[in-house]
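Student: Work out the full structure: start from the sequences and follow the hints.
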Amino acid sequence: MNGMYDDGFGAFDAFGQEPFDDEEFDDLESEQADDGGEFDDGLLEEELRQAAAILDPVPAELRQLAMDAYALYDLDARLAELTFDSLVDAIPVRGATDVPRMLTFTAGELSVDVEVTSEGLMGQVMPPQPAGIEVLTGPQTLRPTTLTADAMGRFTSAAPPTGPFALRLRAGGEVVVTEWLRA
Amino acid sequence: MRAGTVPSTAYDGLPYTRGGTVDRKEVGALVQSAVDGDAAAWKAIVEGLSPLVWSVVRAHRLSDADAHEVYQTVWFRFAQNLRRIREPEKAGSWLASTARNECLKVIKGLRRLMPTDDPQLLDRISEERTPEQSLIDSEEEASEAERIRRLWEEFEQLGERCRQLLRVLMASPPPSYLDVSAGLGIAVGSIGPMRQRCLRRLRARLDAGRAL
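Protein chains in written order, with the numbering used here: chain U, 1 to 183; chain X, 184 to 395.
Please keep in mind that the hints were generated in silico from the structure rather than gathered at the bench. Don't take each hint at face value.
[Claimed, not checked] As a list, the in silico SDA-like pairs of lysine to any residue whose alpha-carbon atoms are at most 25 Å apart: (1) X:Lys273 <-> U:Gln124; (2) X:Lys288 <-> U:Leu136; (3) X:Lys226 <-> U:Gln64; (4) X:Lys288 <-> U:Arg168; (5) X:Lys288 <-> U:Asp113; (6) X:Lys273 <-> U:Leu75; (7) X:Lys273 <-> U:Asp68; (8) X:Lys288 <-> U:Pro160; (9) X:Lys288 <-> U:Glu61; (10) X:Lys288 <-> U:Gly138; (11) X:Lys288 <-> U:Leu75; (12) X:Lys288 <-> U:Pro100; (13) X:Lys273 <-> U:Tyr73; (14) X:Lys273 <-> U:Arg49; (15) X:Lys288 <-> U:Val135; (16) X:Lys273 <-> U:Arg182.
On a predicted model such as this, the values are computed, not experimentally measured, just so you know.
Tutor: Structure (structure tokens):
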């Protein structure tokens, strides 16, 4: 699983492998000798915990959104897993800017290709078939953008999703929801 | 609800021992109950593990907007996958590693690493105090506030690795090393020694400041 994110994250990999003896810690040995090796690190960690609770707690509105997210646990819908994400799986093109984000979601034999750009969202249901599609933006999407896939399974939206989104498709008598993603 | 300070009722009375602080069996049972339709169990999971998710996100130093979106994405996806989580007792690690992966995607996609050292963060402490509290113990409060402010300042100035590790460790209730490992992509076995060194380093900074 880690291998998926290896590219471009050398610093993160080194985190796990280097036995922590980089320059950041060069002078630690002497510090340790100086204080006789006795200090209550548990206490200091607890002080940090208290400081975090005051200075950087989970924002209340976010906590509430996580509470509300239980509504997204949907027994009636089949989950379409993210099986391709250009951000992770594609080879970067040198010098290319504003490359579209290409995504593929798969639920059994059904798949949905989605392309997100700054101009909007377009995609195709495979195998090609008509479908009704809702663009969900949270646990309580009051008026979801609704799209229609034509006989070829193609659909477009002029509004790119902002923030987390999921597509809820009605196709061939079943409901499929794509994994939540941040575009 | 006051965020951050109150540990989940679901975990009250359970031993906060290192390595399994948010009791894994308990989490597994809560996930199973939520799968079976128990909304209170879901609430308990959110209360118990929200600070862990937030800490992992904060450790990656995203902009506030990105941090908020990653946090939401993680919980939305967790809800979606609830029935499919293979090891419910490892829900904390699932959340932590999903948060990490989403953070890495943000960093990779946007290439904008914005430090969260905006001065407002340090001012928030004053907003937390009611006028009554300030009147009663204003002097004591001021020195306590100052102590916390200094601690946070020194913490923020630690090297990147220590800052990251400590930011996740300070989640409340304290995360298990397995969850920390999932959230930061570091080996479980190296967390203990790193933690001790980082805390020593922080203590040294605090002592040095006091001596001035």
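Student: None of the hints should be skipped; say for each whether it holds.
Tutor: Taking the hints in turn, this is what the structure says about them:
1. X:Lys273 <-> U:Gln124: Distance of about 35 Å is beyond 25 Å: violated.
2. X:Lys288 <-> U:Leu136: Holds - the C-alpha atoms of Leu136 (chain U) and Lys288 (chain X) are around 21 Å apart, at most 25 Å.
3. X:Lys226 <-> U:Gln64: holds, 10 Å
4. X:Lys288 <-> U:Arg168: Holds - the C-alpha atoms of Arg168 (chain U) and Lys288 (chain X) are around 23 Å apart, at most 25 Å.
5. X:Lys288 <-> U:Asp113: Distance of about 19 Å is within 25 Å: holds.
6. X:Lys273 <-> U:Leu75: holds, 22 Å
7. X:Lys273 <-> U:Asp68: holds, 22 Å
8. X:Lys288 <-> U:Pro160: Measuring from Cα to Cα gives roughly 18 Å; hence the hint holds.
9. X:Lys288 <-> U:Glu61: Holds - the C-alpha atoms of Glu61 (chain U) and Lys288 (chain X) are around 23 Å apart, at most 25 Å.
10. X:Lys288 <-> U:Gly138: Answer holds: Lys288 (chain X) to Gly138 (chain U) is near 20 Å, not above 25 Å.
11. X:Lys288 <-> U:Leu75: violated, 29 Å
12. X:Lys288 <-> U:Pro100: Holds - the C-alpha atoms of Pro100 (chain U) and Lys288 (chain X) are around 15 Å apart, at most 25 Å.
13. X:Lys273 <-> U:Tyr73: holds, 18 Å
14. X:Lys273 <-> U:Arg49: Within the cut-off at roughly 23 Å; holds.
15. X:Lys288 <-> U:Val135: holds, 21 Å
16. X:Lys273 <-> U:Arg182: The given pair, whose Cα atoms are some 24 Å apart, holds under the 25 Å limit.
Of the numbered hints stated above, those contradicted by the structure are hints 1 and 11, listed in ascending order.
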